[in-house]
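Student: Chains A and B are the protein sequences, given in the same order.
For the first sequence, counting from 1, position 111 maps to 111 in our numbering; every step adds exactly one.
Quick note, our numbering runs 196 ahead of the 1-based positions in the second sequence.
Treat the hints with care, since some could be wrong.
Said to hold, decoys possible - Below, a list of computed lysine to aspartate or glutamate pairs in the DMTMM-like style, where the Cα atoms sit at most 20 Å apart: (1) 92(A) x 298(B); (2) 311(B) x 298(B); (3) 311(B) x 130(A).
As the list claims (entries may be wrong) - Each pair of labels, with its calculated beta carbon distance range: (4) 222(B) x 155(A): 57 to 65 Å; (5) 253(B) x 119(A): 32 to 40 Å; (6) 95(A) x 300(B): 21 to 29 Å.
Since the hints were derived computationally from the structure, they do not count as laboratory data.
The structure displayed is predicted, hence computed values, not measured ones.
Note that beta-carbon positions come from the ideal geometry of N, C-alpha and C, so glycine has one too.
Listed here are the chains, written in short residue letters.
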Amino acid sequence: MIEHLLVVVLLAFLAATAIAVIRLSNLYAAVMLFGIYSLLSASLFLVMDAPDVAFTEAAVGAGIATVLMLTTLSLASDRENEKPLRRGQPLKLVVVAVTGLALAWGTLDLPGYGDPDAPAHSHVAPRYIEDSPRAIGIDNMVTSILASYRGFDTLGEVAVIFTAGLGVMLLLGRTISSGSRSKSGGRKHGGSKSGD
Amino acid sequence: MDPILFERYPYWIAILLMMIGFYTLISRGNLIKQVVGLNIFQTSVFILYIGLGNVEGGAAPILRAGTDVYSNPLPHVLILTSIVVGIATTALALGLVVRIREAYGSIEEDEIRAKDADG
Chain A
1 MIEHLLVVVL LAFLAATAIA VIRLSNLYAA VMLFGIYSLL SASLFLVMDA PDVAFTEAAV
61 GAGIATVLML TTLSLASDRE NEKPLRRGQP LKLVVVAVTG LALAWGTLDL PGYGDPDAPA
121 HSHVAPRYIE DSPRAIGIDN MVTSILASYR GFDTLGEVAV IFTAGLGVML LLGRTISSGS
181 RSKSGGRKHG GSKSGD
Chain B
197 MDPILFERYP YWIAILLMMI GFYTLISRGN LIKQVVGLNI FQTSVFILYI GLGNVEGGAA
257 PILRAGTDVY SNPLPHVLIL TSIVVGIATT ALALGLVVRI REAYGSIEED EIRAKDADG
């Protein structure tokens, strides 16, 4: 019961933070609130029994993403223009509302939150839960799936990060070598590669 | 809380967050605000997936004596991968923002368009 209460409260906090982020025109405040949003979602993952996801989100989402955004702000301006309402705002709200309602309608066919009989929990997952600790020899099932059963997937992930790092360096490399302002997303990103 | 309502509540809030991110993305002209919106959208998808993987009364998927019911580890693995891919795309987007700021002197979409129109 206490777990349900925590989920409800954390989700309400998340919604409030997201609405505050979209309404703020001070970009520093918006980015810091986004860091809080990431940390709140990390807490939610912990309550939802996903500790591995929680600490990755706390380190990467709340840590590295916030640092990267602050670095970008230090290179660009920190205030949003005060004339944010461009043409066609009502139409955009309608598009967002219709998409949201369609998705919410779709959830009516989903198994309920925490339903132990959901199809997702009855076919592939039991095999990993029962066999992976014995077959791989690691107690943490998430680790053994990530690094062993789906090792090639993780290798592909490394390729994605490498490509992104290469892209950032190519984009900003000239700025660094000309020495105009030495703080850049490229070097910060290099740090994130070794962390993961 | 009414259990029927609670069964859907996490999904609905995830969709609400998704739509907040989506609206930020299409309605704001500031490039950094758009990146923040994209990240909010992304995190809401993570919440939806982790919510779907949760099993009532289950433990975190780490083997422990005396525990039989675990949450589904597969969504966790999927989301771990997408968190890392997400930070890679965010870093690239922010790199582009810095580069655009250098070339145009602005990170507001309308000012950039106006400069493009002037040639």
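Student: Taking the numbered hints from earlier one at a time, note which ones the structure violates and give those numbers from smallest to largest.
Tutor: Violated: hints 1, 3, 4 and 5.
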